[in-house]
Each structure stands twice: as C-alpha cells, then as structure tokens.
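Chain by chain, the residues run as shown.
2 protein chains.
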Amino acid sequence: MDKSLKEKFDTPCLVVDEEIVRENIREMQNEADNNGCILRPHIKTHKTPYLAKLQVGAGACGITSCKVSEAEVMADNGFDDIFIAYPLVGARKLERACALSKRIKRLILAIDNLAQAEPLALAAQAHNQVLEVRIEVDCGGGRTGAELKDFEPLVTFVEQVPGLKLTGLYTFRGLNGGIADPEGSAQREVDLMHQYAEIAERICGRKLEISGGSTPTGREVARSHAFTEIRPGTYIFNDYMMHKECGAPLDRMAAKLLVTVVSVHKDYVVVDGGCKTFPTDPLLGQPPYYFESYAYFPEKPQLRLTKLTEEHGMVTAVDGNLDLKVGDILEAIPLHICPAVNLQNKLYIVDGENIQEMAVAGRGMLQ
Amino acid sequence: MDKSLKEKFDTPCLVVDEEIVRENIREMQNEADNNGCILRPHIKTHKTPYLAKLQVGAGACGITSCKVSEAEVMADNGFDDIFIAYPLVGARKLERACALSKRIKRLILAIDNLAQAEPLALAAQAHNQVLEVRIEVDCGGGRTGAELKDFEPLVTFVEQVPGLKLTGLYTFRGLNGGIADPEGSAQREVDLMHQYAEIAERICGRKLEISGGSTPTGREVARSHAFTEIRPGTYIFNDYMMHKECGAPLDRMAAKLLVTVVSVHKDYVVVDGGCKTFPTDPLLGQPPYYFESYAYFPEKPQLRLTKLTEEHGMVTAVDGNLDLKVGDILEAIPLHICPAVNLQNKLYIVDGENIQEMAVAGRGMLQ
Numbered sequence: 001m002d003k004s005l006k007e008k009f010d011t012p013c014l015v016v017d018e019e020i021v022r023e024n025i026r027e028m029q030n031e032a033d034n035n036g037c038i039l040r041p042h043i044k045t046h047k048t049p050y051l052a053k054l055q056v057g058a059g060a061c062g063i064t065s066c067k068v069s070e071a072e073v074m075a076d077n078g079f080d081d082i083f084i085a086y087p088l089v090g091a092r093k094l095e096r097a098c099a100l101s102k103r104i105k106r107l108i109l110a111i112d113n114l115a116q117a118e119p120l121a122l123a124a125q126a127h128n129q130v131l132e133v134r135i136e137v138d139c140g141g142g143r144t145g146a147e148l149k150d151f152e153p154l155v156t157f158v159e160q161v162p163g164l165k166l167t168g169l170y171t172f173r174g175l176n177g178g179i180a181d182p183e184g185s186a187q188r189e190v191d192l193m194h195q196y197a198e199i200a201e202r203i204c205g206r207k208l209e210i211s212g213g214s215t216p217t218g219r220e221v222a223r224s225h226a227f228t229e230i231r232p233g234t235y236i237f238n239d240y241m242m243h244k245e246c247g248a249p250l251d252r253m254a255a256k257l258l259v260t261v262v263s264v265h266k267d268y269v270v271v272d273g274g275c276k277t278f279p280t281d282p283l284l285g286q287p288p289y290y291f292e293s294y295a296y297f298p299e300k301p302q303l304r305l306t307k308l309t310e311e312h313g314m315v316t317a318v319d320g321n322l323d324l325k326v327g328d329i330l331e332a333i334p335l336h337i338c339p340a341v342n343l344q345n346k347l348y349i350v351d352g353e354n355i356q357e358m359a360v361a362g363r364g365m366l367q
Numbered sequence: 001m002d003k004s005l006k007e008k009f010d011t012p013c014l015v016v017d018e019e020i021v022r023e024n025i026r027e028m029q030n031e032a033d034n035n036g037c038i039l040r041p042h043i044k045t046h047k048t049p050y051l052a053k054l055q056v057g058a059g060a061c062g063i064t065s066c067k068v069s070e071a072e073v074m075a076d077n078g079f080d081d082i083f084i085a086y087p088l089v090g091a092r093k094l095e096r097a098c099a100l101s102k103r104i105k106r107l108i109l110a111i112d113n114l115a116q117a118e119p120l121a122l123a124a125q126a127h128n129q130v131l132e133v134r135i136e137v138d139c140g141g142g143r144t145g146a147e148l149k150d151f152e153p154l155v156t157f158v159e160q161v162p163g164l165k166l167t168g169l170y171t172f173r174g175l176n177g178g179i180a181d182p183e184g185s186a187q188r189e190v191d192l193m194h195q196y197a198e199i200a201e202r203i204c205g206r207k208l209e210i211s212g213g214s215t216p217t218g219r220e221v222a223r224s225h226a227f228t229e230i231r232p233g234t235y236i237f238n239d240y241m242m243h244k245e246c247g248a249p250l251d252r253m254a255a256k257l258l259v260t261v262v263s264v265h266k267d268y269v270v271v272d273g274g275c276k277t278f279p280t281d282p283l284l285g286q287p288p289y290y291f292e293s294y295a296y297f298p299e300k301p302q303l304r305l306t307k308l309t310e311e312h313g314m315v316t317a318v319d320g321n322l323d324l325k326v327g328d329i330l331e332a333i334p335l336h337i338c339p340a341v342n343l344q345n346k347l348y349i350v351d352g353e354n355i356q357e358m359a360v361a362g363r364g365m366l367q
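From first to last, the protein sequence lines stand for chains F and V. Numbers 1 to 367, taken from my numbering, label the letters of the first sequence in order. Numbers 1 to 367, taken from my numbering, label the letters of the second sequence in order.
Worth flagging that the hints you see were computed from the coordinates, not collected in a lab. Treat the hints loosely; a few may be bogus.
Unchecked claim - DSBU-like, lysine-lysine: derived pairs with alpha carbons at most 30 Å apart: (1) F/K325 with F/K307; (2) V/K3 with F/K346; (3) F/K325 with V/K325; (4) F/K102 with V/K102.
Stated by the list, open to error - Distance windows between CB atoms, simulated: (5) F/K266 with V/Q125: 42 to 50 Å; (6) F/E353 with V/G205: 51 to 59 Å; (7) V/D2 with F/E299: 53 to 61 Å; (8) V/E23 with F/A99: 35 to 43 Å.
Said to hold, decoys possible - Per the computed footprint, the stretches of chain V lying under chain F, defined by three or more beta-carbons under 8 Å from a beta-carbon of chain F, are: (9) 22-32; (10) 50-59; (11) 76-82; (12) 143-156; (13) 214-224; (14) 250-259.
From the three backbone atoms N, C-alpha and C, an ideal C-beta is built for every residue, glycine too.
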C-alpha cells in the first residue's frame with residue numbers, strides 16, 4: 001500500500017482490498033463448483049452484509065452464522081438462506097430462532113444432543129412450525145458435536161419428534177488446536193463423517209446433506225465428493241495463521257491493519273494498536289503454533305509485536321534494525337482475522353481509487 | 001446471582017451490579033479526597049457515559065480517555081473536562097482534537113516527544129488555539145513516556161512554542177508486565193515523578209499538575225501526596241487480575257459475564273462464549289501472572305476455561321467434578337475486564353429489581 005493511500009485513513013483501522021477479496025471468493029467458489037459441492041461461507045469472519053453479498057453473488061447458496069443475533073442482522077440485509085451452525089440453548093434464543101424461521105426462505109438450526117433437541121422441538125410445536133435441523137458431529141475439534149455413542153438415539157429422536165426435520169449432518173475441523181497436515185486432517189474429517197452419515201441415512205431411509213470443511217480443510221473436503229456442502233470463513237481475507245499453517249500466499253491477504261508509530265525508544269517503537277486492535281487468541285511461543293509476533297509486517301518482516309497493552313503495541317526488530325519514526329504507518333497482518341474484524345466498528349474497503357467505509361454490522365452479536 | 005435473575009438474560013452477556021459499582025467508586029473517591037488528590041477516572045474500562053456520570057457525580061473532576069474518538073463520544077454525552085492520555089499522531093487526529101477542544105470546557109492532550117509536539121503546535125497555531133498539554137514520562141511501564149535524556153528539551157520546547165500550554169506531567173504504571181509488589185511499585189512511581197517534576201518546574205517557574213496512579217497503584221500514589229491527580233480505571237468493576245495480583249476482594253467484582261452450558265462431554269462442557277467474549281491478553285501458564293484459566297467461576301471455583309475458539313469455551317474441572325448440564329448458566333469473572341467490556345455491544349446494569357440495558361457507546365472507538 002503506498003504512503004498516499006495509507007494517509008487517507010485514521011489509524012488503527014482495518015483496510016480490505018476488494019480485488020483480492022473477489023479473487024479469494026472466486027477461487028473457493030470454483031473449487032466447490034468443480035467438485036459438485038455447495039459453498040455456504042461462514043460470515044463470522046467479516047460480519048458485513050456487503051461482503052456476504054459478494055459471496056452469494058459469486059455462487060454461494062446462502063450463508064453460515066454462529067449466533068441468532070448475527071443471523072438476524074444478515075436477514076435484515078436480505079439474506080434468506082442461513083445456517084446457524086451453533087446449538088441454541090435458552091428460551092430467548094429458541095423464540096428468536098422461531099421468529100427468524102418465519103421470515104426467511106430457509107433457516108437451518110443445529111443440535112448435538114437431546115438436551116437441546118427436546119426444548120427446540122417443544123418451541124417448534126408451540127409455534128406450529130417445523131424447524132429444519134442438522135446434527136453436529138465431532139470430527140476431532142474437541143468442542144461441540146455428538147459423539148458416536150449418543151448419535152444414533154439423537155437421530156432417532158429427531159426423526160420421530162413433531163416440529164423438527166432432520167436434513168443434514170455437519171462438522172467443523174478448522175485449525176482448532178493446530179493441524180500439522182491439512183490433507184490428512186481433511187481425510188479424517190471425510191472418513192469420520194462417512195461413518196456418521198451411514199448410520200443416520202440408514203435410520204432416516206433417505207440421503208442427508210453433509211456439510212463440513214473450513215478454510216484449512218475445505219478444498220480437500222470438496223475434492224473428496226463425500227460432502228455436499230463446505231463452510232469455510234477465513235478464506236475471504238486469509239490471515240497470518242493461514243499463511244504459516246496452510247500456505248495461503250502473502251499476496252492473497254485481503255485485510256490488513258494499519259497502525260501508526262506514535263513513540264520511538266531505543267529498543268522499541270510504540271504503535272497505536274494494542275490488544276483492542278490485535279487479537280491475542282493464538283498464544284505466542286506456545287504449542288501448537290509457536291508464533292513469534294501478534295502480527296506480521298509485510299513491509300518490514302524483521303518487526304515483532306510481542307507486548308501489548310490495551311491501546312499500545314510495542315514493536316521490536318529481530319535484527320535490531322527498527323528504522324522507524326513517529327508518524328510512520330505500518331501494514332500489519334493479524335494472526336487471526338476473525339477476532340480482528342470483530343474489534344472494528346468499520347472496515348475500509350478499497351477498490352482501485354474507490355474507498356468505501358462499511359459498518360461491521362454483525363460486530364459483537366454474541367447472542 | 002440467583003437462577004431467576006440469570007434467566008432474564010440472553011447469554012453471553014456482561015452483567016453489572018450497580019450497588020458494587022457505587023461502592024467501588026465511593027471507596028476510590030474517598031481515598032483521593034482524604035489525600036487532597038483529584039480523581040480523574042479512566043473510562044477505557046467501561047466506555048459507557050452512564051457509568052462515567054456516576055463517577056463524576058461522586059466527585060471525579062472529569063475523565064480520562066485513550067483516543068480522540070472515545071473522547072468525542074463522551075463529549076457528545078455532556079462531559080466537558082477530558083484528558084486524552086495518549087500521544088496524538090496524524091493530521092486527522094490533530095484536526096479532531098482541535099475541534100473537540102473548542103467545544104468543551106477543558107481538553108488536555110498528551111505528548112512524549114518533539115515529533116508529536118511540533119505538529120500539535122502547528123495545528124494549534126493554524127486554528128488560533130492554545131492547546132493544553134501534559135508530558136508523559138515513563139516510570140517503568142516500558143511503553144510511551146519521555147525518557148530522562150529527552151525530557152528537558154521537550155519541556156523547554158513546549159514552554160517556548162506558541163499554541164501549546166504545559167500544565168502537567170503524567171505517567172502510567174498499571175499492572176503492565178506484572179507488579180510483584182504494588183506498594184513498592186507505587187513508591188518507584190512517586191520517586192521517579194518527583195525527579196521529573198523538579199526539572200520541569202524549574203524550567204517553567206511554576207507548579208505543574210502531577211498525574212499518575214492506576215487501579216493497582218492509585219491508592220498508594222494518592223497517599224504519597226506527591227501527585228495532584230490519580231487516573232485509575234479498572235477499580236469501577238475490578239477483575240480477576242486485580243484480585244489475584246492486588247487483593248481486590250471477590251465481593252467487589254462489579255461486572256460478571258454470564259455464559260450458558262450448551263454441550264456436555266465426558267471431560268469438558270462447552271459454554272457459549274469463546275475468544276469473542278473472554279479476553280485472552282493475559283497469557284495462561286506464563287510469566288508474569290501464571291493464570292490457570294481465562295475466567296474465574298465464583299460459584300464453582302474448580303472450573304477452568306483453558307481452550308477457546310471464537311464462540312466456544314471449553315470448561316474443565318480440576319477435580320474432574322463438572323456437575324453441569326445443558327442450560328446451566330455460569331457467572332464468570334474475566335481476567336481483564338477492560339477488553340471484556342469492549343467486546344460487548346451492551347451492558348446490563350442491575351440495581352435491585354431494576355435492569356437497564358446500556359449501549360457501550362465508546363466500544364471499538366480506536367481512532
């Protein structure tokens with residue numbers, strides 16, 4: 001990014017290159033299309049209707065979201081085919097999900113155990129609705145997802161109970177905990193899902209939609225032809241974690257933070273972004289990633305950001321060569337782009353000469 | 001918090017106990033008053049005008065903020081005495097600061113080196129303004145703040161240049177990097193500031209305002225009678241870091257996250273808050289804090305939250321005794337409350353039977 005463009009922004013801020021975004025969208029869409037697989041991108045990465053529209057415009061069938069409130073924001077912006085890939089627990093969420101289901105063309109909900117499925121069925125019955133559900137299975141992520149021993153009774157319950165209609169299974173692998181080998185990990189995702197699908201389809205007596213695949217595993221999962229749908233999120237922007245762990249090229253990083261040097265000291269400089277700008281969820285110097293810095297500085301790869309307070313980032317140089325002065329503006333690629341976007345109120349989307357200021361409408365939509 | 005109150009909220013969310021807030025405010029205000037010291041609380045902790053009004057209503061002289069955009073939000077809500085305790089760099093910020101200075105009674109800006117002071121003076125001259133400034137000095141935080149060798153020329157410059165008026169010095173210690181000994185740390189803050197103040201007051205030939213003191217060091221700094229003002233922030237809520245490092249009592253934790261158990265597994269349960277709900281800036285198991293969990297669960301102290309993805313928190317128990325079911329709602333005290341508030345769109349402020357939903361108006365105001 002040249003200096004004159006950088007100086008158009010008040011830092012810290014997140015600048016998105018729309019040309020790279022379109023290229024990233026096109027590449028993943030082609031991968032899905034070429035393998036007869038549906039792409040339903042996860043919008044937790046950008047939380048921004050404008051960018052979701054680019055994804056759907058390029059061929060995505062609809063979108064995936066994490067939370068009801070996030071899905072409501074997207075429905076308010078015209079999206080009518082949404083999968084909330086998160087088990088909903090609590091009376092308020094079930095009420096909101098029933099209401100949302102009435103106002104869009106297709107809403108798919110998620111369950112991974114009977115304790116969620118039973119209240120969901122009761123809520124559907126109370127509203128005279130039939131809610132479409134997918135069952136989540138755990139393919140090694142170690143978070144939500146039915147385990148094999150609980151799976152068969154859950155499928156049987158959903159098949160029999162009024163108010164719920166089972167249309168698919170889903171899983172999520174992601175980088176969660178580190179993937180030494182994305183291809184091997186995708187293969188395990190495929191094998192495990194195949195096992196679950198056989199059980200469920202035997203009970204149901206029909207084919208189900210099989211959804212999986214994150215940005216790290218999505219391409220391999222699509223090529224397996226064992227899934228009908230993939231749900232990557234990060235691919236629209238990429239981030240340093242995707243570069244280091246999965247080889248995403250640096251020239252395909254579509255979102256960069258800009259920070260300004262505000263204070264220069266003997267061994268470090270201070271930039272105007274701290275932990276309210278740079279995500280700290282991947283631990284530095286620790287397994288599984290052993291990151292050396294909270295950001296990668298493409299213009300000055302020798303820089304390291306290892307100490308953060310809320311609004312201060314202390315930047316050092318591995319070779320001691322900082323060569324920075326007050327007012328210098330640095331591009332920084334965060335380790336994990338999804339929480340980085342969630343810290344911004346706005347994105348700046350650059351397309352040639354055109355700069356659009358875009359509210360992150362789904363920001364902080366946690367419920 | 002009893003079950004019927006918990007069930008009034010859609011989780012994850014941050015619930016504030018106004019009675020404890022008032023007690024925390026009163027206690028710090030008394031400490032300042034009893035020592036003839038001004039209290040100018042840092043509003044980065046809550047970013048919420050309603051809470052800043054409680055602080056000013058109890059006797060605070062005004063407020064401290066980090067960023068111009070954060071100060072603008074507070075000015076829009078009637079605050080007219082604001083110190084932006086952060087060096088402003090970049091033409092946009094200087095323009096905004098000049099405009100803000102015209103519309104409130106008192107705006108104090110910050111500098112720590114000539115490279116910021118010179119453009120600030122030029123901006124003031126261009127607007128025919130005199131901007132009030134304080135010089136930041138580093139008392140061991142290792143971030144911004146003039147070092148001794150650069151301090152005298154900076155004071156001399158500010159005294160001579162048209163457009164700037166030096167009215168004080170400030171420093172920040174906080175817990176930044178860990179304080180083994182809050183009293184000793186406060187004493188070092190006092191001693192170092194005394195040295196800087198002597199130099200500056202000799203050059204200026206008048207007394208300056210001397211501002212310091214965070215939540216960890218504020219009480220000791222006030223008692224030293226060497227400072228005219230303290231700027232603690234976290235004290236309004238407290239957090240687990242303040243409990244563990246500085247002995248803040250658990251019954252004075254005024255802000256708690258509520259999360260719901262959504263999925264139960266053999267060795268862990270999943271709650272509906274991940275790294276978009278729980279701050280991860282203090283590293284687990286690492287110096288200086290060696291935290292064992294991203295949150296403390298006061299109702300079940302045996303619980304540990306050590307693995308987070310964006311919206312999933314994996315909770316284990318040190319004694320293996322989870323005893324949790326889907327739908328259980330847990331209170332959680334985050335390690336660091338300031339970034340936790342910045343992740344929420346709203347706070348729920350509970351005062352007896354009354355629950356107010358309050359927008360975090362300064363959230364994400366990074367510029």
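For each hint, the structure was consulted:
no. : hint                           : in the structure
1   : F/K325 with F/K307             : holds (19 Å)
2   : V/K3 with F/K346               : violated (37 Å)
3   : F/K325 with V/K325             : violated (55 Å)
4   : F/K102 with V/K102             : violated (51 Å)
5   : F/K266 with V/Q125: 42 to 50 Å : violated (31 Å)
6   : F/E353 with V/G205: 51 to 59 Å : holds (54 Å)
7   : V/D2 with F/E299: 53 to 61 Å   : holds (55 Å)
8   : V/E23 with F/A99: 35 to 43 Å   : holds (40 Å)
9   : 22-32                          : violated (count 0)
10  : 50-59                          : violated (count 0)
11  : 76-82                          : violated (count 0)
12  : 143-156                        : holds (count 4)
13  : 214-224                        : violated (count 0)
14  : 250-259                        : violated (count 0)
The structure fails hints 2, 3, 4, 5, 9, 10, 11, 13 and 14 (numbered hints given earlier, in ascending order).
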